[in-house]
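Novice: Listed below are the residues making up each chain.
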Amino acid sequence: MSNAAFVIIAIFTLAAALAAATLRKLMHAALSFAVALVGLAALFFLLGAEFVGLALVFIYIGAVAVLIVFTILLTRRDVGKDRGFNWAGVLIALAVFCGLTWSILKTQSLSIVAPHIRALTVKRIGEALMTGYVWPLQCVGLLLTAALIGALILVMEEKR
Amino acid sequence: MTPTLQAFVLVSGALFSIGLLAALSRRHAIFILIGIELMLAAANLNFIAFWHFAPQPHQPTGVMFAIFSIAISAAEAAIGLAMVIAVYRHYHTTNVDQLDQLKG
Chain A
-4 MSNAAFVIIA
6 IFTLAAALAA
16 ATLRKLMHAA
26 LSFAVALVGL
36 AALFFLLGAE
46 FVGLALVFIY
56 IGAVAVLIVF
66 TILLTRRDVG
76 KDRGFNWAGV
86 LIALAVFCGL
96 TWSILKTQSL
106 SIVAPHIRAL
116 TVKRIGEALM
126 TGYVWPLQCV
136 GLLLTAALIG
146 ALILVMEEKR
Chain B
15 MTPTLQAFVL
25 VSGALFSIGL
35 LAALSRRHAI
45 FILIGIELML
55 AAANLNFIAF
65 WHFAPQPHQP
75 TGVMFAIFSI
85 AISAAEAAIG
95 LAMVIAVYRH
105 YHTTNVDQLD
115 QLKG
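Keeping their order, the protein sequence lines are chains A and B. Residue numbers for the first sequence follow the working numbering, beginning at -4 and rising by one. Residue numbers for the second sequence follow the working numbering, beginning at 15 and rising by one.
Be a bit skeptical, because a hint or two may be false.
[Claimed, not checked] Selected chain A positions facing chain B (in silico; Cβ < 8 Å):
| no. | residue |
| --- | --- |
| 1 | 28 |
| 2 | 29 |
| 3 | 32 |
| 4 | 38 |
| 5 | 39 |
| 6 | 52 |
| 7 | 54 |
| 8 | 56 |
| 9 | 63 |
| 10 | 66 |
| 11 | 69 |
| 12 | 91 |
| 13 | 99 |
| 14 | 109 |
| 15 | 131 |
In case anyone wonders, no lab produced these hints; they're calculated from the structure. Remember, it's a predicted structure, so these values are computed and weren't measured experimentally. All C-beta atoms, glycine included, are put in the ideal place defined by N, C-alpha and C.
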């Protein structure tokens, strides 16, 4: 894990996220959101969590970003009217950022280097999911089914 | 020279603040959803970073937490976007400042 790769990926991710938050055109913002998630997946790869990085690419870019683009296209009529910018929100976000950065820089125990680790294989993750984490896995399956049915009911045409 | 845990937590904090900026300052409902997704992604980065720098990294705890968090945020995005479409059908707008029917 080299420092240069980390700096480049971090700047790339943060720039894309900032573009997603501030661009005026909704479609450009959604595409920058997808780019920011690619950068985040690269950070996960750098941290040795390859499976989570791949899951992020599949779920966020393959499903969530495409869903956002579909929603933008379905609600297109008032895209041009999004002008206002709430400056109080900008101030609050800036204050939160300064507070977080200050407290992270003050914490001494965070400046540690990674221990030598064995790679976490997908086999190991699958074993853990099917043994120790089987109840959370079933609960997440139930939640996703409920979300699917709920989203279908929400967007169904109302009978008059 | 390898990056320390502090660098990853700083990136995560910056990503969270950007998500908060999008969620608080934009008026379009889809921007608010994008901001919430960015904040959840920052939390996932924290999970993975603390797992990577933990004393016993052969336990897959942090990875499991991140996987479940990703699944739940996918469900949240599906419901949120369905609500945006339902609101758009009713009011023909997605500007959250104009949805003030329940205002006292």
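Novice: Hints first: check each against the structure and report whether it holds.
Specialist: We went through each hint and held it up to the structure:
no.	hint	in the structure
1	28	5 Å, holds
2	29	10 Å, violated
3	32	7 Å, holds
4	38	6 Å, holds
5	39	6 Å, holds
6	52	11 Å, violated
7	54	5 Å, holds
8	56	11 Å, violated
9	63	6 Å, holds
10	66	5 Å, holds
11	69	6 Å, holds
12	91	5 Å, holds
13	99	5 Å, holds
14	109	5 Å, holds
15	131	6 Å, holds
Hint compliance for this structure: hints 2, 6 and 8 are not met, and every other hint is.
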